[in-house]
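In order, the protein sequence lines correspond to chains A and E.
Residue numbering for the first sequence is 1 to 463, as defined by the working numbering.
Residue numbering for the second sequence is 1 to 450, as defined by the working numbering.
Simulated from the structure, these hints should not be mistaken for laboratory data.
We put the beta carbon where it would ideally sit given N, CA and C, even for glycine.
One should not assume that every hint holds.
Stated by the list, open to error - In silico SDA-like pairs for lysine to any residue, Cα to Cα no more than 20 Å straight-line:
1) A:Lys460 with E:Lys224
2) A:Lys418 with A:Asn362
3) A:Lys132 with A:Lys179
4) A:Lys258 with E:Lys181
5) E:Lys87 with A:Asn31
6) A:Lys337 with E:Leu6
7) A:Lys84 with E:Glu94
8) A:Lys29 with E:Ile75
9) E:Lys335 with E:Leu6
10) A:Lys160 with A:Glu42
11) A:Lys40 with E:Glu94
12) A:Lys43 with E:Glu93
13) E:Lys87 with A:Asp122
14) A:Lys40 with E:Val88
15) A:Lys29 with E:Lys335
16) A:Lys109 with A:Ile202
17) A:Lys337 with E:Met147
18) E:Lys200 with E:Lys224
19) E:Lys261 with A:Gly180
20) E:Lys255 with A:Glu42
Claimed, not checked - Some chain E residues well away from chain A (every beta-carbon gap over 12 Å; in silico):
21) Glu4
22) Glu40
23) Ser43
24) Lys106
25) Asp108
26) Glu113
27) Asn124
28) Gly155
29) Lys168
30) Asn189
31) Lys255
32) Gly372
33) Glu387
34) Asn410
35) Pro430
36) Lys443
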Amino acid sequence: MLDRKLIEEIILAALSTGGDFAEVFVEDKSNTQLMLQGGKVEKSISGRDFGVGIRIFDGLNSVYAYTNQHTKEQLIKMAIEASKAINQTPRDHTLNFMTEKIINQHKIKKNPNNISSRQKIDVMRQAHEGAKGYNNEISQVTVSYIDEDQKILVANSKGKFVEDQRVRTRLAINAIASKGTQMQSGGFIYGAHKGFEIFKDIEPIEYGKEAARIAVTMLHAEDCPSGKFPVVIENNFGGVIFHEACGHGLEATSVAKKSSVFTDKIGEQVASKIVTAIDDGTIANHWGSSNIDDEGEATRKNVLIENGVLKGYMIDKLNGRRMGMESTGSGRRQSYKFAPTSRMTNTYIAAGDSTPEEIISNTEKGIYAKNLGGGSVNPVTGDFNFAVREAYLIENGKITKPLRGATLIGNGPKILHKIDMVGSNLDHGQGMCGSSSGSIPTNVGQPMIRVTEITVGGRKGAE
Amino acid sequence: MELENLRKLIFAKGKELGFDDMEISYVNRRNFSCKVFKQEIDSYNIAIDGGLALRGIYDGKMGYAYTEKIDETSIETLLKQAIGNAKVIEDDEEEIIFEGSPLYEKIDSYSEELEKVSIDEKINFLKTVEQACYDYDKRVDNVNYCMYQETTVEGGIFNTKGLIKQEKSNSALYYVMVAVKESEDVKSNMELVIGRDFKKFDAKETAKKVVDEALVKLGAKSIKSKEYPILLRNTAAAGLLEAYSTIFSATDVQKGKSQLKDKLGEVIASNKVTIIDDPLMKDGVASRSFDSEGVASKKHVLVEEGCLKTYLHNLKTAQKDGVATTGHAYKSSYKGTITVAPSNFYIAPGDDSYQKLVEGLKDGIMITGLNGLHSGVNTISGDFSLEAEGFLVKEGKVKAPINQITLAGNFYDLLKDIEEIGNDLKFTLPGASYIGSPTLKIKKLSVAGE
Chain A
1 MLDRKLIEEI ILAALSTGGD FAEVFVEDKS NTQLMLQGGK VEKSISGRDF
51 GVGIRIFDGL NSVYAYTNQH TKEQLIKMAI EASKAINQTP RDHTLNFMTE
101 KIINQHKIKK NPNNISSRQK IDVMRQAHEG AKGYNNEISQ VTVSYIDEDQ
151 KILVANSKGK FVEDQRVRTR LAINAIASKG TQMQSGGFIY GAHKGFEIFK
201 DIEPIEYGKE AARIAVTMLH AEDCPSGKFP VVIENNFGGV IFHEACGHGL
251 EATSVAKKSS VFTDKIGEQV ASKIVTAIDD GTIANHWGSS NIDDEGEATR
301 KNVLIENGVL KGYMIDKLNG RRMGMESTGS GRRQSYKFAP TSRMTNTYIA
351 AGDSTPEEII SNTEKGIYAK NLGGGSVNPV TGDFNFAVRE AYLIENGKIT
401 KPLRGATLIG NGPKILHKID MVGSNLDHGQ GMCGSSSGSI PTNVGQPMIR
451 VTEITVGGRK GAE
Chain E
1 MELENLRKLI FAKGKELGFD DMEISYVNRR NFSCKVFKQE IDSYNIAIDG
51 GLALRGIYDG KMGYAYTEKI DETSIETLLK QAIGNAKVIE DDEEEIIFEG
101 SPLYEKIDSY SEELEKVSID EKINFLKTVE QACYDYDKRV DNVNYCMYQE
151 TTVEGGIFNT KGLIKQEKSN SALYYVMVAV KESEDVKSNM ELVIGRDFKK
201 FDAKETAKKV VDEALVKLGA KSIKSKEYPI LLRNTAAAGL LEAYSTIFSA
251 TDVQKGKSQL KDKLGEVIAS NKVTIIDDPL MKDGVASRSF DSEGVASKKH
301 VLVEEGCLKT YLHNLKTAQK DGVATTGHAY KSSYKGTITV APSNFYIAPG
351 DDSYQKLVEG LKDGIMITGL NGLHSGVNTI SGDFSLEAEG FLVKEGKVKA
401 PINQITLAGN FYDLLKDIEE IGNDLKFTLP GASYIGSPTL KIKKLSVAGE
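Model the full assembly from the supplied sequences, consistent with the hints where possible.
Take a look at the structure:
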C-alpha cells in the first residue's frame, strides 16, 4: 500500500524531535452505497478513500497528523510538521520491521467489489417488496445497502509491520406506516464482517416484513405510560443498554483520566451476580470483529465483568501508558482521519439460565422492550438514555398491548445491580458507535434480561 | 496538477464518454486541534485533506463519484464510476446542472488574523482555561475535556454550464467539560465557544460559566411524574429544533416523511413563532454565499407568526413543486450526494427577557439540557421522549435542581403550545447546520420521574 522504505523514513522523521514511539497507519478503502426509496434506486455512490495517519508519543503526550496527499515529499513534510509539537533530545533509532503474518479468522467468500450493482439492487428490491407488501398502511420504504473493503497497514517504531483487510456488508430497511396524520416507523438492520454471502444468512424479504410489522404495530399502539417499572429487555439489539450504560465507562479513554464511574473498581462487585459481560473482537465474521485492531494488536476476548465482579477494561496503547496496563487489542478508529482510542468490538452479556417464557411469566406488571433504538451516556455520571422502538405492556405475566414512544433512562452502575433475571437466548445486533475516534461498526448483544426498576418516559404520563 | 487543467481534462474526457453536463466540486481542508489535560498537552492533531467530487448527467440520470487521490491518474476511474452509478438510478425526475445566479452577496467568513495566532498562544490559552476551572471552585474534581480546534476550508464548484464559484472560510472553537464533586455526588457540564476572533476568547469567563452551571446541578433529584408547564431554555430548545429541522426540508415533505406536507399557508405554530433561515447571517457558522448547487444564498422566512410560508428547497425539489429554489442544496462532503439542509436556522427572538419568563412561571420546570436527541425523537410522528435535566420553578423563582427525568411530547403539538418567546437567542453545537432558539415557554409537557 505504501513503500516499506518510505514508511521507515516517515517514522524516522516523526521521531526526529525526540518522540519515543511513532506509528504509521495506511488505509485504502473502497465504498459502495445504494439507496432504494419508494421502489426506485435513488442513490448510488462509490469512491475510494486513501490516506495516511502518523502518530507520535512522547511519554503521555501524543501527536496525530493525517493527510490524503500521497507523495513522498508531502508525507515526510507532514511527519516533520507533526514532530514539531515535541521538543525532546532526539535519540538513536534503528528500525527493523518484522512483518507479521496474520491468520485470517474472517474469511470472505464473495467480495462485494466483484458483485454487480444489479445483484445488489435485486436483494434491496426483495427487502422493499417484503415491507411494501406487508399491508396497505405501509406508505414509504427505504432500503439502504452499504459495502466496504478496507485494507490497512500498521507499522511502528517498535518494528511492527502488519496488514489486514476488512470487508463489511450491511442492509438496512426502514418502513413507515401511516393512517391520517399518524406516522410511525419500523426498522431492521443486518450486517457482518462478510461479503455478499450475507444474503445466504438472511432472507431480505423476511427482514422487510419485520420492519413493516414494527411500523404497523406501533401505528396502532397506545402512548407509553411514564414512571418506574420493571423492564424486560429482549435479546439482540437490547444489548445496547449494556453498551451505553456500562460499556463506554469501561473504555480506557474515560478510565485513564478517572472520568469513569468504574475507575479503580477492578475486583469489586459492580453488577448483580448473574451478570457476566464480554467484549470479543475475535468472533468469526461478526460485525465488530477484525484480526487486528487499528494499532496492529491482535484482537481478543476480554472478560469485562464476571459473575458481577469487574475484571477488566478495554485498553488502547496510549491509555495503557497512562494506566500502566497493556493494550487489550481495543484500539479502533473510523479511518486514517482519526487517532485510535479504546473502543468496543462485539460486546455482550453472556447467556444465563432463565428461559424467556419464565422471565415474562414471572413479571406481574412491567414493560417489555422488544426492539431498542439508539441511546447515549454521560461517562462522568453514568447517566444513560435510550429509545424503545417497539414496546409492550406486561400484565399478570403476559405480554398484552403495544406501546409507543418509550424512553428508558437511568444510571449505568445502578442498573447493573438491578438485573435480576438473565435469559438463555443470547443474540447479537449490529450498530454504529460514535465516539472520539469516529463512527465504527460494533455489535451489541445479550439474552433477554429483566431489570427490577427503570424510569420509563412516555407521552401518556403517570398512571 | 492545477485544478484548472484537471477540470478541462475531466470535462473533455467526460464528453467523449457520453456525459451531457458535468460538475466538479472540491474541498481542501486544514485542521488543527489540541487537548490539554492536567496542564499537559494530551493530544495534538494536524490534518491536511480534501477530495474531488464529480457529478454528471448521463442518459438523463445523475451519476456521482469521488476520489481522494486528486491527480490525472484518477480521471478515468472517476468518470467510469459516475457512469456506472448513473446507469442504475431509476429516479425519473429531471436532473439539473445550474448555470449560476445573477447576483451573489458577499459574506465575511474568513479571518486572516485567525491564521496568525501561534500554536503556543492556543495551547497557553487552553492551559489558562483549565487552570481557571480548577481555581474557580474547589469542588471542581476534573476538567475532562479542554479542547481547541481551528479549521480552514476552501471549496469550489465548476461546471460545464460555465459556473465557477469558490469560497474560503475558517473558524475556531474551544470546548470545556468539567466534573464537580460534593461527597459522592458528581455532576458534569460543558461549554462550547465558537468564533473567528481569538482576542475575544475569554478563559476566565468561560471557566466561571461552565463551573457555575455544573455546581448548581449538585444535589439534583428526580421529581414526581406528571404534566408540567415548561420553560425550554435556549440551547435545549435549539437542540430539539435541530432534531426536527428535517421536517422543513422539501425532500422529506415530498417523500411523505414530514407532517408539514400540504400545510403551506396554514397555521402550524403559535402566532408568536417565526422561523428564519439566514445563510448570510453575520458570524453564522453555516454562512455561505452559495449553496452546493451554486445557487445564490439569501434569507428566508419559513414560518411567519405561526404560518408556514415555504419549505427548504434545492433545484430538484423546487422543480417538482413548481417553485423557485430557496438555495438549500447541501452535500455533507465530497462523498455525498445533493440533499437539502438548513444553514443558520433559528426561531426569531421575542421581547421578554429570560428573567421575565422565569418570573412569569408560577409552578413548573425549566429544562436546561436534553440528551439522546439522536435516538429519542421520532421525526416521522413528531413524538419525542428525552432524558432531561433542569430546575424546579416555584412562584417565579428557580428552586431545586432536577435530573433523571424524561420530557415527552410531540413536536408538532409543541409548536402550537409555545406561549412566550424570550429575547435570548442562542445557537447549539454546529453540525451540518447552525441552529438556534431563544428560551420558549411551553404550555405543558409530560415529565416522567419518580
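Check the structure against each numbered hint from earlier and tell me which ones fail, lowest number first. 6, 7, 10, 18, 22, 23, 30, 31, 32, 33 and 34
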